[in-house]
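So you can see what is in the structure, the chains are spelled out below.
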Amino acid sequence: MKNGQIEGTILKTTSEKEKIKLPLVVTFLDSGSTRIQVDEEKRQKGDIELRHGSKVRKERYNEAAGWSLTGAGLQPQKLSKFDKGDKSTTVTWGSSNQFSVIITYAPFGIELFANDKKQVVLNERGFFNFEHWRPKVEKPVTEEGKDEDKKVEPLVPQEDESTWWEETFGGNTDTKPRGPESFSHVYGLPEHAGPLSLKQTRGRESNYDQPYRFFNADVFEYELDNPMTLYGAIPFMQAHNKDFTVGVFWLNAAETWVDIVKTQQGTTMGLGGHTDTQTHWFSESGVMDIFVMLTQSPKELSKKYAELTGYTAMPQMFAIAYHQCRWNYVSDEDVKDVDRKFDKHNIPYDVIWLDLEYTDDKQYFVWDQDNFPDPIGMEKQLDEHERKLVIIIDPHIKNKAGYQIVEELKSKDLAVKNKDGNFFEGWCWPGSSHWIDCFNPAAREWWKSLFPYNKMKGVQSNVWIWNDMNEPSVFNGPEVSMPRDNVHYGNWEHRDVHNLNGMTFHNATHHALVSRAKGESVRPFVLTRSFFAGSQRLGAMWTGDNQASWPHLAASIPMVLNQGVAGFPFAGADVGGFFGNPSKELQTRWYQAGAFYPFFRAHAHIDTRRREPYLLGEPYTEIMAQAVRLRYSLLPSWYTAFREAATEGVPIVRAQYYVHPHDEAGFDIDDQFYIGSTGLLVKPVVTEGGESVDIYLADDETYFDYSTYKTYSGAGKRHSVTAPLDKIPLLMQGGNIFARKDRARRSSGLMKFDPYTLVVVLGRDGRADGELYIDDGETYDFEHGGYIHRNFTFGDGSLKSQDVSSSVSTKDTKKKAAYLKTMDNVLVERIIIVNAPKSLEGKSEVKVTGQSSKSGGTASMSYHVAKDGNAAWAVIRNPAVKIGADWSIDLGVNTDAKGEL
Amino acid sequence: MLLRPEVLGALLYAVSSVEAADAKSAESGRPRGVGPEFAKFYKTSDNFFSCISNPSQRIPFSQVNDDYCDCPDGSDEPGTAACSYLTPYSYPQPHLRPGSNLTPENETLALPGFYCKNKGHVPAYIRFENVNDGVCDYDVCCDGSDEYAGVGGVKCEDRCAAIGKEWKKQEEVRQKAQQRALKKRKELQFEADRRRTELKDKIEAGKIRVQGFERRIVEAEENLKEVERREKLRLVKSDAQGKGRGRLGVLLNLAKDRTAELRGALMKVKKQREDMVARVSELEALLSELKETYNPNFNDAGVKKAVQGWEDYAARESTDTWTDAEDRDLTEIAKEDGSESGVNWAEFEGSESEQAASDAAAIYSLTSYLPGPLQNWLGSTMSSLRQILIDNGVLPDNTIHANLDDSAAVKEARKSRDDSQRDLTDAQNELKHAEEDLTKDYGPNGIFRALKDQCTEGDFGEYKYSLCFMQKTTQQPKKGGGQTNMGSFTSFETEFTDDDLPSGGKGLGRGERVVMKYENGQHCWNGPARSTRVILACSENEEIWRVSESEKCVYRMEVGTAAVCGWEGSAREAEKGQASVKDEL
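Chains as they are written, first to last, in the working numbering: chain A, 98 to 998; chain B, 443 to 1027.
Excised from the complex, chain A in its bound form:
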């Protein structure tokens, strides 16, 4: 025991009475989290023989942490107490000694406590197994089935040779974190197309016949409500009850399975029953590296997890606006035409996308000269209205003589190898291809060298990148991916690093875009399909190739919510559905839902009909335009939510349990959600012919319909909200203030200097608060003080704006001042007070103190009485206060509520 770490050895007794040494390190972190690492001594020392003279590494793969973790939050805590006994060791630490861990020796087990309550038990049932290395006993060839895709019987590893060797499970790692009594809900483990609250995969009550699986794959027409693997993997799970939230992060990039079993305890006579949740994790290879985080709320857990794996990269403003995509816009003229049509129909959009077909013969970095003779002209037209272009670049490089990129890839030796040490050759969109090996630092450097404007033809600064097929998708490979015995940089086998592969490519592109020209310092945008824990630092993801069907629309919501739970919240699904033609109603409803995805992009398969929103005709076009414009008006609040994700690790859209962690009745709800900390609660209509939805309200606050101010209240109940096709069920929770921009523009970039509307939704106590974060929306100046962060509070008859930006170093003061100067003319044009108290009736003037663009120190106010179940509201007309300055608006009456409602 030293420096906050316990080192020890687990002895595994095998059937041959031989003892296998498994070195163990338990680290007690500053944050109160515990890290448990187990390796295998023989392999650490390289004391094994590889068959067939293989050159691959002898160690277990131990570099996943290097990719996934940022390095922060790993400092061990100085222990306050260490008690080594005969049968167990107890460690206690934390600011108030609230954390303790008991390690039992035989059998090996760990129990974790917070506030003296047992939270997690590892290896309770003695399932721990570490499949150690053994020499292969050669058998007749006929029995050497090399079927790598064969499903493995989970749980107890068998001593049957065929399982542990030839079937690739050469090193199972196995443990079982288990919640204490009454963790009946577990969340996380994206990416799977199922409910937010994870289902049982074993046992009598099991919902699925297989565990949740992680093996990133290009899944064709994925099934819903299914634990099958999808494109990305984040092996992070939250167990939640009304008092605690426990996180388990299983840091392993090999194929991984997670079994979930829930058992009812003590339900005799139907009294005092509770549910235990047991999970069982196993990975194909690699070292075991687990983080267990004990916290008291989902928010606290998000912060701890983000500290380890990183925060959402703050995107440019355009990235959270509306994206128009299709496989494919077929020519530069086509793109320009769609661009003009959006303007003609007065529908804002920020980004238009080009799928594969812009390339010459599927050669990335080379434009199809016939159909895109003038890409720069196209980009310039987009730039006139501050719009962007995103083009696709995938990791497969066409294997074609004379194609400069592939020739460089090969001559510089930067491609993934097969088991024989030759360049791996597989089949993808371009036909025969090689794959860049982004585990290789030299490959990443080379990749970087391809993107500068003077190198990459036909691209200017408003062009960004989309990384697809990075699981990697190999059309003729096992499970549409690479053979597991392919070899990556450092002689690691593909099996060890598979789930990291997508992130390494995303990472390479992200860094390649950070600086494409000297002096340019703008935030890159890269969309990825494949991801791993840590990908949130690099850009956005989408849920892959969904279908134009109502169930897929419904499924997109828990999927997007779950991304937030697992720390990668910049997520969305293809609006409209990728495969198939949506009905006009479905497409319209999808726009209404998609306007509330953090990543809002419409996309369609090449075989589908054109479906740009202006093509549908009325009333559909108008309703979709309203949804898009609603997104644009709320961009200030979305941006603030992104800021919170970027600094606190919290989700951008938040599930019911996340916002109301003490309300057990909401733990299963995954079809309604809140936007950041705005108090905006939305429940998109996801059924055909839907006329209303039931929104569940957890708290006592009054909620107000966004478009009528109709009131809803009553905790723990469902409330019917009418929702004809032109209506989005969207409520505002009392007690919140959020910011909007009501002027419609052609793109978010053109809204930069428009004035704000503040919506003050008074709670039952007549008070409200909220935040607004603003920066230039494109550069990194915000890291040097170039931003505005305000806190608005309403109470005691006045609304105040206060600075909550953190102090900046003297070096950065200039940048801060410069930014404030550019925003000097940006004002609040309107303040809407929803649920305005009666005391305001008759008041026509309010007092304005602080920086305002006009003199006089007053603004007029109008009051609108409550009627027909709709709340009263007031509007303060053009107070003209500066958005970046301190000010207060005094209403001259006491507004604190005395239960008027």
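Please keep in mind that the hints were generated in silico from the structure rather than gathered at the bench.
Please note: incorrect hints may appear among the correct ones.
Straight-line C-alpha distance at most 30 Å; calculated DSS-like pairs for lysine-lysine [what the hints assert, rightly or not]:
no., chain 1, residue 1, chain 2, residue 2
1, B, K610, A, K477
2, A, K441, B, K921
3, A, K396, A, K175
4, A, K433, B, K482
5, A, K433, B, K874
6, A, K554, B, K994
7, B, K777, A, K441
8, B, K561, B, K948
9, A, K175, A, K400
10, B, K920, A, K554
11, A, K438, B, K733
12, B, K921, A, K552
13, B, K482, B, K561
14, B, K733, A, K552
15, A, K681, B, K959
16, B, K611, A, K441
17, A, K459, B, K713
18, B, K994, A, K433
19, B, K482, A, K438
20, B, K857, B, K914
21, B, K597, A, K477
22, B, K610, A, K514
23, A, K433, B, K920
24, A, K99, A, K214
Only part of the chain A face toward chain B is listed, based on derived beta-carbon distances under 8 Å [stated by the list, open to error]:
no., residue
25, E430
26, L453
27, F572
28, L847
These figures come from a predicted structure and were not determined experimentally.
Ideal Cβ placement from N, Cα and C applies to all residues, glycine included.
Let chain A serve as the given structure and place chain B on it in line with the hints.
Below, chain B without anything else, positioned relative to chain A:
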């Protein structure tokens, strides 16, 4: 840059030059962004402004253009973007109806937009959404007045002088081109009318020809009958010479001919079968190669279905096989008849006379006992009698056809009749086509009659496209490969287009346009049959401006032609009405 009023979109329209002249005089008196036709609303005597659509709502005049939206119709902010959210495209909220309390009022914007004076050019309205957004929208506001606030440091200098000059120049060019196009259209119309007249003349002539042929047929029939009668008489006489042309001989000839005919047909079928077998083998080879080389993960439902179908097909037992022996039999059958193979007709021909004798036994055997002269007499009398009986329908006429075939005169007469028949059919068909052609829709005023089958080509992307008026559209890859039919002409339609006109005017612009529909082209892999919508706008020459494949195998061609110059939707309606009147006549 060519600026056209059409580019301004639905909300924006240009103001006529008369109004522009007005603007000068009233300029100083109007608030920013107000067009001359709305000036009257902004004259105040009491320092109050009445919202245009809601005059009861009055606000202090100081609130006009104060960058805050007060009027439900936005009329208090003619010069700012403050009321830009007043559109049905904004998500409804109470405050978006200023001055109202959740009661719907007239929220339609009272103004068409922000008025750009564009001195030196044509005044225009720009959308409120585009006012003070940091973009110089020179295509509408050449004077840069839409960005007077300098948002984000933007400065839009007045470019009207240059733009106006360029526009005037372009306008002149355009006017000239327009005039040339209209002249061209006149020529086309003249040509179309000429062709129509020609067609009508042709129809008249055709009718007369048909009558002529009909008459000729009657004559030919009569002539044939007469010749046949004559020949029959002659034949009966010669028949009596006993030259072995009995019923069996006739049968023999018939059988021989029939066999030859059947053999010919068989050989044709065999050839066809062999061709088909070759084609099936080629197809099967293609499909098995597809099965070998396709990628099961390549997300293409069509390919997967094709492979699945092939596997099912290949697995099925086929009943259409044949053996070599069967094939040899067939070859044997196919050989010419002769002593070596098939039927040796010569053997049968040898015994012809005997057959003939027995054929006539009923009458002739008796006569063999009589002396020669008597026999002759009896023979000729009997023949005459038989002929009379045949002519009167008492005896069947067994010999006529076989025997008359040999008669050159009958042949001649029949040929003459058949020729006449064929001439008649041809003439009737020609007439029918001509009549159909006359009533066929050739577009407005039938003008496309002038362009019928005329083709024009254009290179777009990786293809060379061709449009043949009233006929078909095709594409051909530049890199080589065959022509693909993108549809055959089916009918005319109209469509309302709303496109910006590019400089040079080669575009559809805004308005009702004539559309030619081409359908049922070559089938797409995994898609529909190709089809093309050809949308026509006025230009001097026939040319393809733009081709786009908006969806898989659904093409849209924007084409310029003089044929539609000066055409208006309503004119077409009128023309249609006229056409139907004509039809009734």
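field: Structure-inconsistent hints, enumerated in ascending order
entry: Structure breaks hints 2, 4, 5, 7, 11, 14, 17, 19, 20, 22 and 26.
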